[in-house]
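With these hints in hand, go ahead and build the complete structure from the sequences.
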Amino acid sequence: MTAVSELDRRLVDWMNETASSPPPAGRFEQAVATTTGRRPRPRWLASVGSDWVEAAPGWRIEWGQRRLRWEVAVAVALLIAAFVGLALVAGPGNRAPTSAPLPAASALAPGTQFLANPYTDSNGIRDCLRGCADYTRIVFTVPSGWATREGLVGKHLGQADEVAFSAWTVDQVYDDPCHWRSSTLSLLDIERHTDGPTGALIPAPQDGGLANQRLRGPLPRALTQVTLGGQRALRVDLSVPNDLSACDDGEFRSWTEWDVADGANAHHAPGQLDTVYMVDVDRRPLVIDASHMPATSAADLAELDAIFASMFIERTGVPAPSAGSSLSGASPARRPGAPRS
Amino acid sequence: MAHIGQELVERAVAGDHEAFVSLAASAYQRLHGIARLILRDEDAASDAVQEALTSAWLHIRAVRDPDRFDAWLHRLTVHASYREAKRRRGPVLEIAPAQVNLADGWDAVGAVDTRDQVERGFRRLDPGQRAVLVVHHYLELSDAEAAAVLGIPIGTMKSRLSRATSALRAAIEADDRASIAMTEVRA
Numbered sequence: 006m007t008a009v010s011e012l013d014r015r016l017v018d019w020m021n022e023t024a025s026s027p028p029p030a031g032r033f034e035q036a037v038a039t040t041t042g043r044r045p046r047p048r049w050l051a052s053v054g055s056d057w058v059e060a061a062p063g064w065r066i067e068w069g070q071r072r073l074r075w076e077v078a079v080a081v082a083l084l085i086a087a088f089v090g091l092a093l094v095a096g097p098g099n100r101a102p103t104s105a106p107l108p109a110a111s112a113l114a115p116g117t118q119f120l121a122n123p124y125t126d127s128n129g130i131r132d133c134l135r136g137c138a139d140y141t142r143i144v145f146t147v148p149s150g151w152a153t154r155e156g157l158v159g160k161h162l163g164q165a166d167e168v169a170f171s172a173w174t175v176d177q178v179y180d181d182p183c184h185w186r187s188s189t190l191s192l193l194d195i196e197r198h199t200d201g202p203t204g205a206l207i208p209a210p211q212d213g214g215l216a217n218q219r220l221r222g223p224l225p226r227a228l229t230q231v232t233l234g235g236q237r238a239l240r241v242d243l244s245v246p247n248d249l250s251a252c253d254d255g256e257f258r259s260w261t262e263w264d265v266a267d268g269a270n271a272h273h274a275p276g277q278l279d280t281v282y283m284v285d286v287d288r289r290p291l292v293i294d295a296s297h298m299p300a301t302s303a304a305d306l307a308e309l310d311a312i313f314a315s316m317f318i319e320r321t322g323v324p325a326p327s328a329g330s331s332l333s334g335a336s337p338a339r340r341p342g343a344p345r346s
Numbered sequence: 338m339a340h341i342g343q344e345l346v347e348r349a350v351a352g353d354h355e356a357f358v359s360l361a362a363s364a365y366q367r368l369h370g371i372a373r374l375i376l377r378d379e380d381a382a383s384d385a386v387q388e389a390l391t392s393a394w395l396h397i398r399a400v401r402d403p404d405r406f407d408a409w410l411h412r413l414t415v416h417a418s419y420r421e422a423k424r425r426r427g428p429v430l431e432i433a434p435a436q437v438n439l440a441d442g443w444d445a446v447g448a449v450d451t452r453d454q455v456e457r458g459f460r461r462l463d464p465g466q467r468a469v470l471v472v473h474h475y476l477e478l479s480d481a482e483a484a485a486v487l488g489i490p491i492g493t494m495k496s497r498l499s500r501a502t503s504a505l506r507a508a509i510e511a512d513d514r515a516s517i518a519m520t521e522v523r524a
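Keeping their order, the protein sequence lines are chains U and R. For the record, in the first sequence the residue sitting at position 140 is 145 according to the working numbering, with numbers rising by one throughout. For the record, in the second sequence the residue sitting at position 161 is 498 according to the working numbering, with numbers rising by one throughout.
Derived from the structure by calculation, the hints contain no laboratory data. You can take every hint at face value.
Not everything, but these chain U residues come out facing chain R in the computed CB check (under 10 Å):
no. : residue
1   : Asp18
2   : Val58
3   : Arg186
4   : Ser188
For each residue, glycine too, the CB sits at the ideal point set by N, CA and C.
As structure tokens, then:
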């Protein structure tokens, strides 16, 4: 018998023994009680956040996708109807929004906008199956000329002088973002830097994480404790190589998300410069990635600074200050991707 | 899944809460075992399974194939365990030791040593490493099924399994070396 199979056998025996102990009395009843009196979500909404495990056969997938398209179409129609209804009910005299949700893709009007937590349903209930960072909205003020597309908020999107930022719910970090298919994974830095009893952030050298990610600029790479949007955060400055042709699928991927198989972050362009903020939202991480290109103008970087200075991360029960008041807790302007030491 | 199980799933999908409770009751011990192994904490395991079952009921109408219902519950439990592990950073409660049946005629002392050694090694793994070992060894799922439950590609699942196994082996070997050193010091 090989050492591996002997270890497997010991492990299986131990697992079966450990798992066979009866669960604590009363907990099953307690679990069932949380479902009693609650109605399942309607079919058209149930798939959202369900984490359903799909079977492999092709025709079923096609059928499922067709149905999902119908479900999405119905959901979009209902959302539009709800927005129109709200607008009619509110009337011009009652409108007092200080910020607007981001559209899927378009130019943004100058003023206060917000990125809503995508893992919160219409009742404000957070879907912790997918995203546990306990924020409701990321509120910020943009000047003219900014736009949004595919979750990115930026200027000159897709061009050589792009400047942008985006929010992520990160699961793990690729140690080698170029050869991400075979890369080992490690925890996001902030996961290892939170002191258990006190919750204090401890930016110290560590293994893995963005601080040690390969091909992301000189090492050692400093983690800096900052405040962003009223929350504590760790900041790290990173870069992307100029040639990604040898990378898996020609893509450079930083991290995986809980609900996205095969990794998520593939927004990196060759030569891109990132400043990544790992924000501690009630001790759960939210990643905000500010990026720009070497050709980005100083004026556009100054606008990005101003946006980050205006940023406020709303948590449940802690709404953003109203427009016009000072955003206490917001960080001083820091240039994302500023020259590294 | 047996016919009666399929029927229960179909009734639950139709909104029959009693049918859902029957399904939950038959799965509870197994789900709790999964969460207990990943979390190594009785209370946290109970919370994780409760979250998984609540989510299952709220999303029950997402079930498209009764044969995948168990795999879905496993996935919800594994993911709920990840989140519970994040919520409860810090010291965990001890699991009550399982009973050793002396009547089986095995080396009880040796078995306890082995079990404790595996237990200590397993504790040194992070929840993600524990989860991949649990779905592979405890649930005895195929690579494809294990990857589906974990929500990751098969290749990633295999590499995580390999790393987790290596990490466990290293932890146990380190434990062995420490025991030998302690014995020599006492001698």
